[in-house]
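Visitor: Top to bottom, those sequences are chains A and B. Under our numbering, the first residue of the first sequence carries the number 1, and numbering increases by one thereafter. Under our numbering, the first residue of the second sequence carries the number 1, and numbering increases by one thereafter.
No lab work stands behind these hints: they were computed from the structure. Don't take each hint at face value.
As the list claims (entries may be wrong) - Here are a few chain A residues that sit away from chain B, every Cβ distance over 10 Å (derived from the structure):
hint: 1; residue: S6
hint: 2; residue: M15
hint: 3; residue: L36
hint: 4; residue: F44
hint: 5; residue: L49
hint: 6; residue: Q123
hint: 7; residue: F176
hint: 8; residue: M200
hint: 9; residue: H202
hint: 10; residue: L207
hint: 11; residue: A224
hint: 12; residue: L295
hint: 13; residue: L316
What the hints assert, rightly or not - No more than 27 Å apart at the CA atoms, straight line, and that leaves these computed lysine-lysine pairs for DSSO-like:
hint: 14; chain 1: A; residue 1: K66; chain 2: A; residue 2: K188
hint: 15; chain 1: B; residue 1: K132; chain 2: B; residue 2: K41
hint: 16; chain 1: A; residue 1: K159; chain 2: A; residue 2: K326
hint: 17; chain 1: B; residue 1: K83; chain 2: A; residue 2: K188
hint: 18; chain 1: A; residue 1: K188; chain 2: B; residue 2: K132
hint: 19; chain 1: B; residue 1: K24; chain 2: B; residue 2: K41
hint: 20; chain 1: B; residue 1: K132; chain 2: B; residue 2: K32
hint: 21; chain 1: B; residue 1: K24; chain 2: B; residue 2: K132
hint: 22; chain 1: A; residue 1: K188; chain 2: B; residue 2: K41
hint: 23; chain 1: A; residue 1: K66; chain 2: B; residue 2: K83
hint: 24; chain 1: A; residue 1: K326; chain 2: B; residue 2: K132
hint: 25; chain 1: A; residue 1: K326; chain 2: A; residue 2: K188
hint: 26; chain 1: A; residue 1: K159; chain 2: A; residue 2: K188
Unchecked claim - Just the calculated beta-carbon pair ranges, DEER-fashion:
hint: 27; chain 1: B; residue 1: A130; chain 2: A; residue 2: V84; range: 55 to 63 Å
hint: 28; chain 1: A; residue 1: C343; chain 2: B; residue 2: I53; range: 24 to 32 Å
hint: 29; chain 1: A; residue 1: A73; chain 2: B; residue 2: E135; range: 15 to 23 Å
hint: 30; chain 1: B; residue 1: T17; chain 2: A; residue 2: V69; range: 23 to 31 Å
hint: 31; chain 1: A; residue 1: V76; chain 2: B; residue 2: A37; range: 51 to 59 Å
hint: 32; chain 1: B; residue 1: T17; chain 2: A; residue 2: S97; range: 52 to 60 Å
hint: 33; chain 1: B; residue 1: Q153; chain 2: A; residue 2: A73; range: 51 to 59 Å
hint: 34; chain 1: A; residue 1: M168; chain 2: B; residue 2: R151; range: 56 to 64 Å
hint: 35; chain 1: A; residue 1: V330; chain 2: B; residue 2: T17; range: 52 to 60 Å
hint: 36; chain 1: B; residue 1: G90; chain 2: A; residue 2: I300; range: 55 to 63 Å
hint: 37; chain 1: A; residue 1: Y68; chain 2: B; residue 2: V45; range: 23 to 31 Å
hint: 38; chain 1: A; residue 1: Y68; chain 2: B; residue 2: S30; range: 16 to 24 Å
Every residue, glycine too, gets a C-beta built ideally from N, C-alpha and C.
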Amino acid sequence: MNLNRSHFLLFYLAMTAAIASGLAIFSSASNITLMLQSAASGLFVPLLLALVTAFLLDPLVGRLEKYYVGRSAAIVVVFLLLTVLLWLTGSWLIAYSQQMWDSLLNDFPRYTSGVITYLQELQAVWQRRLPLLAQYDLTEWVRGAAERFFSFLLLATPKSALRLGSLMLLVPLFSFFFLRDGHTMRRKLVALAPNRYFEMAHDLSYLISCQTAQFVRGRIIEAAIVGLVVMVGLSFTDIRYAPLLGLFAGVTNLIPYIGPLIGMVPGILIALVDLGLGGQFWWIVILYFLIAQVLVDNFILIPVLISRFANLHPVLVILAIVMGGKLYGVLGMIIGVPIASACKIAFVEVRHYRRAFALPETGSDPSS
Amino acid sequence: MPQPWSRIFRHKSEEETLGGFLAKVPIFSSLKNRDLAYLEKLVHVRTYHPQEIVYEQGDPGSGLYIIRSGRVSLFTRDAQDRKEELILLGPGDFFGETTLAAPAARMVSASALENCELIGLFRSDLLATADKHPEIANRILLGLTMVVSERLQAATLELRRLHFESPGSAGDGA
């Protein structure tokens, strides 16, 4: 085989073209992923909220469907009822919360300075006892963090109001379609399974979606009740912002173990600054710890609402919170744990399923 | 009627529609016409190639299959993995109904003999129906009970016949 110059030229051209097209494909692929990522970045929160809304409204829609109302019509009726409810409460609620938010922004510097005074006294005590820690200035650190947080609040309020507007448009839209077509979507997805595995995929998808829906519903109802208990309990005292503190305690209650502790910090700090170390302060501490957490949540709500095997090991909870926080900030911290629980539900269901059908070998000796 | 018009206004005959086909299956005999539209959306239509396995003995069973077209063979395997054919089923027949109500492993294997269209109805679909439309689920379960009890009765008679026919059993029958 004799190779002449034209062969080499051809080989060189072919290799160059191959490398160039490879590079082009690689860069366009990464460009496309980047584009998709930036296009979908704003959609994660509305999609997630819509999914949760759909889980919450599904039982209502199902109840209407029992009377042979079409699914779309049933969803429209539920949405209309919700709109009317929001319309009736909205005008009062918005003015009330606006007023509360404004006065909280005014009070915020007072609360931080109160906390910092306490911390200064505390710091003086421990620096006297442990001279080793003299160089660490916790008070200054807290002051800096509080200032940063306050300026963030002032800046973020108009921005989050804009986002709230887009959420109010997108969430009902997405949740309408999740409610109407969620079942069909699941069916179509399962139908892609090969014949041999179709039956198992269908069974498991049903079990997992039932358990997940029940879990999400349970968690939201639990958080709402805990928030309500805190709000009602706080309104017996002279503390201000009882509704906001109840809301905060409810939202943070979605995170197991750590959430309730974070949820009680602002309430206890405000009580400390405004009410001092009196009877009311201790009532608030008892309310947060004993009544809301131990009595209502642990003894009543969790056994009734949350299935036992959705519980996560504390290490997994911390991992989920850290990883969720890395990916999506504060929101990631809240939703990381429910997503990890949903994964665990899927895992446990698959294991149950396998165990339920693990029969002795049918071909073996029947006497064994 | 010219060709295009007849194509547009052509109605599917009752046998051609899925609902019409399902109405003739004994399990669904007590369903009303209104329920059939719901049932059409509930079942799963699957196509199988010749020799394709539908399920194997010992697989988790969760529902029944109705044959719309083609033939299906039910068989068992012995310890040496040899097939022993039990029965051949054709269009309109159904199999696997015992696992519809109670979860159990499949007692036999099923495979398609030719290109088949099978219609599956599974326990999870029935559970969802029991939640949403209890009366439809009731009618399906009634049909299922009817079919299962008929088959149980036939099996009991067959067992009795075998018991009396087998040599040496006539005297010591309980």
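Visitor: Does each hint hold? Answer for all of them.
Guide: Here is how each hint holds up against the structure:
The beta carbon of A/S6 is kept farther than 10 Å from every beta carbon of chain B, the shortest such distance being approximately 51 Å. For A/M15, the shortest C-beta to C-beta distance to chain B comes to about 44 Å, beyond the 10 Å cut-off, and the non-interface label holds. Every CB of chain B lies more than 10 Å from the CB of A/L36, the least distance being 32 Å, so the non-interface label holds. No beta-carbon of chain B is positioned within 10 Å of the beta-carbon of A/F44; the least distance is around 29 Å.
For A/L49, the shortest C-beta to C-beta distance to chain B comes to about 25 Å, beyond the 10 Å cut-off, and the non-interface label holds. Look at A/Q123: its CB is around 60 Å from the nearest CB on chain B, clear of 10 Å, so calling it non-interface holds up. In this structure A/F176 is separated from chain B by more than 10 Å, as the shortest Cβ-Cβ distance comes to about 19 Å. Some Cβ of chain B comes within 10 Å of the Cβ of A/M200; the nearest lies about 6 Å off, and the non-interface call is violated.
The beta carbon of A/H202 sits about 6 Å from the closest Cβ of chain B, which is not more than 10 Å, so the claim that it is off the interface is violated. Not every C-beta of chain B lies more than 10 Å from that of A/L207, the closest at about 7 Å, which undercuts listing it as non-interface. The claim that A/A224 is not at the interface with chain B holds, since no C-beta of that chain comes within 10 Å of its own (minimum 24 Å). Remark: the non-interface label on A/L295 is consistent with the geometry, its nearest Cβ contact in chain B lying 33 Å away (cut-off 10 Å).
In this structure A/L316 is separated from chain B by more than 10 Å, as the shortest Cβ-Cβ distance comes to about 28 Å. A C-alpha spacing of about 24 Å is found between A/K66 and A/K188, which places the hinted pair at or below 27 Å, so the restraint holds. Of the pairs offered as hints, the one joining B/K132 and B/K41 holds, with about 14 Å between alpha carbons and a cut-off of 27 Å not exceeded. Under the criterion of a C-alpha separation no larger than 27 Å, the hint pairing A/K159 with A/K326 is consistent with the structure, at around 22 Å.
In summary, the hint linking B/K83 to A/K188 is not supported, as the alpha carbons are separated by about 34 Å, beyond the 27 Å threshold. Taking the CA atoms of A/K188 and B/K132, the gap is near 21 Å; set against the 27 Å cutoff, the hint holds. About 17 Å separates the Cα atoms of B/K24 and B/K41, which keeps this hinted pair within 27 Å; it holds. Distance check on the hinted pair: B/K132 and B/K32 sit about 17 Å apart at the alpha-carbon level, within 27 Å; holds.
This hinted pair checks out: B/K24 and B/K132 have alpha carbons roughly 24 Å apart, not beyond 27 Å. A distance of roughly 12 Å separates the Cα atoms of A/K188 and B/K41; the hinted pair therefore holds under the 27 Å criterion. With a C-alpha separation of about 47 Å, the suggested pairing of A/K66 with B/K83 is violated against the 27 Å cut-off. Pair hint A/K326 plus B/K132 does not hold up; C-alpha atoms about 41 Å apart against a cutoff of 27 Å.
A hinted pair counts as satisfied when its Cα atoms are at most 27 Å apart, and A/K326 with A/K188 does not qualify at roughly 33 Å. Restraint check for A/K159 and A/K188: not satisfied, since their Cα atoms lie roughly 39 Å apart, outside the 27 Å limit. Look at B/A130 against A/V84: about 32 Å separates their beta carbons, and that is not inside 55 to 63 Å. Between A/C343 and B/I53 the C-beta distance comes to about 31 Å, which sits within the given range of 24 to 32 Å.
For the hinted restraint 15 to 23 Å between A/A73 and B/E135, the CB-CB distance of approximately 20 Å keeps it satisfied. Checking the proposed 23 to 31 Å range against B/T17 and A/V69 shows it holds: the Cβ atoms sit about 25 Å from each other. Distance hint for A/V76 and B/A37: a CB-CB separation of about 21 Å, inconsistent with the stated range 51 to 59 Å. Distance hint check: the CB atoms of B/T17 and A/S97 are about 56 Å apart, consistent with the given range 52 to 60 Å.
Separated by about 45 Å at the C-beta atoms, B/Q153 and A/A73 break the suggested range of 51 to 59 Å. As the Cβ distance of A/M168 to B/R151 is approximately 58 Å, the hint placing it in 56 to 64 Å holds. Here the CB-CB span from A/V330 to B/T17 is close to 54 Å, well matched to the stated 52 to 60 Å. The hinted window of 55 to 63 Å between B/G90 and A/I300 holds, with their beta carbons roughly 58 Å apart.
Between A/Y68 and B/V45 the CB atoms are about 25 Å apart, so this pair conforms to the stated range of 23 to 31 Å. At roughly 19 Å, the beta-carbon separation of A/Y68 and B/S30 lies within the given 16 to 24 Å, and the hint holds.
In summary, the structure is inconsistent with hints 8, 9, 10, 17, 23, 24, 25, 26, 27, 31 and 33 from the numbered list given earlier, while agreeing with the others.
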